[in-house]
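Asks: Residues per chain, in single letters:
There are 2 protein chains.
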Amino acid sequence: MTRIPVPSGSLYGLANLPYGVFSPDGGEPRVGVRVADSVVDLAAVLGDDVFSWPSLNAFMEQGHERWVEVREHIIDAVSDDLPDEAVHAVDAVTLHLPFEVADYVDFYASEHHASNLGRLFRPDSEPLMPNWKHLPVGYHGRAGTVVPSGTGIVRPSGQRKAPDEAAPSFGPCRRLDIEAEVGFVVGTGSPLGAPVAVDEFAERVFGVVLVNDWSARDVQAWEYVPLGPFLGKSFATSVSPWVVPLLALEAARVPTPLQDPEPLPYLREKNPWGLDLDLVVEWNGQVVSRPPYREMYWSPAQMLAHMTVNGASSRTGDLFASGTVSGPEKDQRGAFIELTWGGKEPLEVGGEPRTFLEDGDTVTISATAPGPGGARLGLGAVTGRVLPAAPLG
Amino acid sequence: MTRIPVPSGSLYGLANLPYGVFSPDGGEPRVGVRVADSVVDLAAVLGDDVFSWPSLNAFMEQGHERWVEVREHIIDAVSDDLPDEAVHAVDAVTLHLPFEVADYVDFYASEHHASNLGRLFRPDSEPLMPNWKHLPVGYHGRAGTVVPSGTGIVRPSGQRKAPDEAAPSFGPCRRLDIEAEVGFVVGTGSPLGAPVAVDEFAERVFGVVLVNDWSARDVQAWEYVPLGPFLGKSFATSVSPWVVPLLALEAARVPTPLQDPEPLPYLREKNPWGLDLDLVVEWNGQVVSRPPYREMYWSPAQMLAHMTVNGASSRTGDLFASGTVSGPEKDQRGAFIELTWGGKEPLEVGGEPRTFLEDGDTVTISATAPGPGGARLGLGAVTGRVLPAAPLG
Chain A
1 MTRIPVPSGS
11 LYGLANLPYG
21 VFSPDGGEPR
31 VGVRVADSVV
41 DLAAVLGDDV
51 FSWPSLNAFM
61 EQGHERWVEV
71 REHIIDAVSD
81 DLPDEAVHAV
91 DAVTLHLPFE
101 VADYVDFYAS
111 EHHASNLGRL
121 FRPDSEPLMP
131 NWKHLPVGYH
141 GRAGTVVPSG
151 TGIVRPSGQR
161 KAPDEAAPSF
171 GPCRRLDIEA
181 EVGFVVGTGS
191 PLGAPVAVDE
201 FAERVFGVVL
211 VNDWSARDVQ
221 AWEYVPLGPF
231 LGKSFATSVS
241 PWVVPLLALE
251 AARVPTPLQD
261 PEPLPYLREK
271 NPWGLDLDLV
281 VEWNGQVVSR
291 PPYREMYWSP
301 AQMLAHMTVN
311 GASSRTGDLF
321 ASGTVSGPEK
331 DQRGAFIELT
341 WGGKEPLEVG
351 GEPRTFLEDG
361 DTVTISATAP
371 GPGGARLGLG
381 AVTGRVLPAA
391 PLG
Chain B
1 MTRIPVPSGS
11 LYGLANLPYG
21 VFSPDGGEPR
31 VGVRVADSVV
41 DLAAVLGDDV
51 FSWPSLNAFM
61 EQGHERWVEV
71 REHIIDAVSD
81 DLPDEAVHAV
91 DAVTLHLPFE
101 VADYVDFYAS
111 EHHASNLGRL
121 FRPDSEPLMP
131 NWKHLPVGYH
141 GRAGTVVPSG
151 TGIVRPSGQR
161 KAPDEAAPSF
171 GPCRRLDIEA
181 EVGFVVGTGS
191 PLGAPVAVDE
201 FAERVFGVVL
211 VNDWSARDVQ
221 AWEYVPLGPF
231 LGKSFATSVS
241 PWVVPLLALE
251 AARVPTPLQD
261 PEPLPYLREK
271 NPWGLDLDLV
281 VEWNGQVVSR
291 PPYREMYWSP
301 AQMLAHMTVN
311 GASSRTGDLF
321 ASGTVSGPEK
331 DQRGAFIELT
341 WGGKEPLEVG
351 GEPRTFLEDG
361 DTVTISATAP
371 GPGGARLGLG
381 AVTGRVLPAA
391 PLG
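As given, the protein sequences belong to chains A and B, one line each in that order.
full-length UniProt numbering puts the first residue of the first sequence at 1, with every later residue one more than the last.
full-length UniProt numbering puts the first residue of the second sequence at 1, with every later residue one more than the last.
Put simply, identical chains are the same to the list, so a pair is met inside one copy or across any two.
Computed cross-link-like contacts, BS3-like style, restricted to lysine-lysine with a CA-CA straight-line distance of at most 27 Å:
#, residue 1, residue 2
1, Lys-133, Lys-161
2, Lys-270, Lys-161
3, Lys-133, Lys-330
4, Lys-161, Lys-344
5, Lys-344, Lys-330
No wet-lab data here; the hints were simulated from the structure.
Sequences and hints are given; from them, build the entire structure.
Replies: Structure (structure tokens):
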């Protein structure tokens with residue numbers, strides 16, 4: 001039997017307990033929970049086959065009451081001795097995509113990010129569109145290209161046309177960027193015709209992941225009118241391996257910034273679901289930004305209510321992400337296009353001036369949140385390395 | 001034993017043989033093929049369990065060679081006597097969504113439609129965006145709200161702001177519209193990092209459905225900048241119950257209209273995949289439009305090549321639709337916003353002037369295609385009735 005040591009100050013103590021899908025050396029993927037530097041095999045410990053699946057979906061589908069119950073069982077179990085074969089060192093296992101993605105929606109909920117991108121993409125217009133403060137602007141992304149942290153990111157090729165070029169050309173992306181985002185995983189879906197009320201958020205949403213919405217800015221700038229981003233985004237969206245349950249984030253809840261004008265009634269929260277998450281963006285191991293999630297204008301509860309207010313159904317495994325998290329300060333911006341102001345103000349990375357991503361670069365986004373009694377919780381990390389473009393066919 | 005009578009002139013003769021998912025009275029959903037006015041239970045006739053699934057996905061995943069082989073087996077089998085219990089009257093079965101939708105992408109491939117919508121949505125700008133003739137513009141839609149023909153369409157509610165209103169209001173859509181489209185179902189997917197060449201289309205795509213991309217124009221007009229349509233579309237997208245195999249459409253192949261400027265090399269087709277489909281739009285039983293698919297600027301092979309050229313993977317069950325099919329003539333427009341020029345030129349329907357959809361209205365889109373030897377093939381029909389908005393919560 002094994003007792004998992006939990007050092008004081010661990011970001012993965014008993015107040016956190018994020019879920020993931022792992023395979024032990026030579027074993028099949030299954031659901032685990034992270035405790036300090038260990039992964040606990042939940043099927044082995046709790047004896048429930050729902051954790052033998054290679055995704056969290058079957059468990060998430062069981063609903064909120066069950067999530068509460070299982071969390072209590074886990075806290076009991078991991079506070080005691082566990083069978084040796086149920087405990088693995090986190091460094092010794094392979095981590096997978098933790099859930100099967102149903103639909104993927106990406107919002108645009110940071111006022112700072114939306115204003116910065118407005119200035120960069122549409123320099124002759126108002127930075128924020130007239131609708132922006134009335135609704136959380138969002139769009140659907142490609143669910144099939146959501147990939148687990150660690151997946152290599154092949155530089156995409158595509159059509160791009162610089163403003164000074166007469167015609168578009170085809171080739172590898174020249175402005176490869178990141179977007180540091182927070183993603184929300186729907187645990188229990190809602191049927192067609194039944195909008196999710198803004199106060200049902202915690203009942204429906206299972207947990208939180210970190211997201212890197214890799215972006216080919218040159219492709220995006222050329223393609224995105226009038227139907228929105230498509231190939232500039234759909235080549236890869238990375239998510240962190242650990243889903244932090246919403247149940248662990250009570251101490252992280254904060255009000256959103258003042259919303260003025262007051263949103264329409266279906267977007268008014270009784271109990272705010274802003275979140276006090278501190279993100280950190282590392283470029284080749286060097287911290288280049290610390291985006292504060294608490295600055296996000298729209299809350300995830302408002303995003304879910306908006307996404308379904310037209311009667312659209314939601315499903316277990318739906319992922320909706322916040323859009324780039326950017327704060328008011330320059331070193332709080334969650335995308336390189338903002339950090340380098342469209343490439344005009346290079347950052348010093350590894351002693352060299354840098355703008356967009358080069359082949360071989362690695363980007364890691366991590367985050368922490370306040371937990372109960374002054375503890376900090378970790379949100380795992382989402383990382384990816386840029387690989388050279390495939391040879392043109 | 002039963003021999004299925006196939007009247008000469010049937011749109012569902014042996015040259016067609018579309019696949020669907022049906023349940024006989026009291027039975028489980030399974031794969032069938034339509035022959036004249038009958039549905040043949042494929043698991044019962046061919047003895048292969050892949051047809052016992054409640055979707056075509058497992059069969060589609062087997063790949064092109066197998067599709068060819070099964071089609072030959074079906075032609076042999078249905079030309080002969082069949083066991084009584086394997087044959088059902090099409091009117092006596094329930095038809096379901098024929099495939100599980102992985103990702104859903106909607107293109108915008110009609111020059112006439114894109115120009116008309118440009119004039120209506122952005123009257124002060126050029127109707128076509130600068131990118132339009134260089135790439136098939138498209139975006140991701142909501143896979144989870146693709147519904148089978150016959151599903152009632154509850155009028156969506158949402159935010160909308162008329163140009164003369166100071167602020168948006170919330171309420172039922174006032175400009176509910178259709179889009180008559182043709183959809184293409186990916187049979188065999190492609191891995192991340194491996195673009196599908198434009199000439200691989202017929203190898204990868206299993207078949208064709210009709211699509212009604214219901215559209216809340218007032219919601220769409222307010223929300224769609226800068227990230228594209230979202231809730232104005234995501235409440236429902238209806239598809240026809242029969243997937244016509246690409247193998248049945250050889251005689252329908254035509255070149256696309258002249259593409260000028262010449263597209264970039266990855267979009268150049270050696271063997272054109274324009275399709276000579278004649279669509280018919282009926283509003284409460286009255287034909288209001290006959291959109292010609294042969295007028296579409298971009299071919300579906302170009303759409304698939306574009307959709308994956310950035311390295312995005314594709315999956316069995318991916319659905320990509322053409323966007324509204326509109327021809328150059330007024331009575332060839334595939335959306336009411338075009339047919340009534342933004343509501344300013346009502347149509348006479350059932351003796352009354354009509355612009356957008358009212359509760360209780362029914363829209364049916366059907367199509368035919370040339371088959372071998374002068375035969376016509378039917379594409380089934382996609383139909384839906386508008387139901388009143390849900391009471392506001």
